[in-house]
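The sequence shown lines up with residues 162 to 255 when you count with the working numbering.
Note that these hints are calculated values from the structure, not bench results. Incorrect hints may have been included.
Claimed, not checked - Straight-line distance between alpha carbons at most 30 Å, and here's what the computed DSSO-like set of lysine-lysine pairs gives: (1) Lys203 / Lys229; (2) Lys251 / Lys220; (3) Lys255 / Lys221; (4) Lys203 / Lys255; (5) Lys164 / Lys251; (6) Lys203 / Lys220; (7) Lys251 / Lys203; (8) Lys251 / Lys208; (9) Lys164 / Lys255; (10) Lys220 / Lys208; (11) Lys221 / Lys208; (12) Lys164 / Lys221.
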Amino acid sequence: MRKTWTRNDIIEAISDNVGLSLSDSSEIIEDIFEFILSELEKGDDVKISSFGTFSVRHKKSRIGRNPKTGVEAAISERNVVTFTSSNVLKSTFK
């Protein structure tokens, strides 16, 4: 059983299941990822029906702690991408 799917694995699966060439499958996947990234960069959410929603969340700066040494360090403010799974996806794994 495979633990992690890579971009190439997805491209090969699309090619095998749909019958497209690897280059066409690759182009489709790259276009999808590029679209999602560009929408997130603009600050828009990307909702994929029956799958989930990708969104950007702003995190404020804070003081963190190194778990090994216990030394405190400043963590700068940043934007992070979050994924919230849909109820349909959640119900698949009950």
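Hint-by-hint comparison with the structure:
1. Lys203 / Lys229: Violated, at about 37 Å.
2. Lys251 / Lys220: Holds, because 26 Å separates the two Cα atoms, which is no more than 30 Å.
3. Lys255 / Lys221: violated, 34 Å
4. Lys203 / Lys255: violated, 34 Å
5. Lys164 / Lys251: holds, 19 Å
6. Lys203 / Lys220: holds, 17 Å
7. Lys251 / Lys203: Given that 30 Å is the threshold and the Cα spacing comes to 28 Å, the pair holds.
8. Lys251 / Lys208: Measuring from Cα to Cα gives roughly 15 Å; hence the hint holds.
9. Lys164 / Lys255: Status holds; Cα separation ~19 Å.
10. Lys220 / Lys208: holds, 21 Å
11. Lys221 / Lys208: Roughly 25 Å between the alpha carbons, so the hint for Lys221 and Lys208 holds.
12. Lys164 / Lys221: With Cα atoms ~33 Å apart, Lys164 and Lys221 exceed 30 Å; violated.
Hints 1, 3, 4, 12, counting from the list given before, are not met by this structure.
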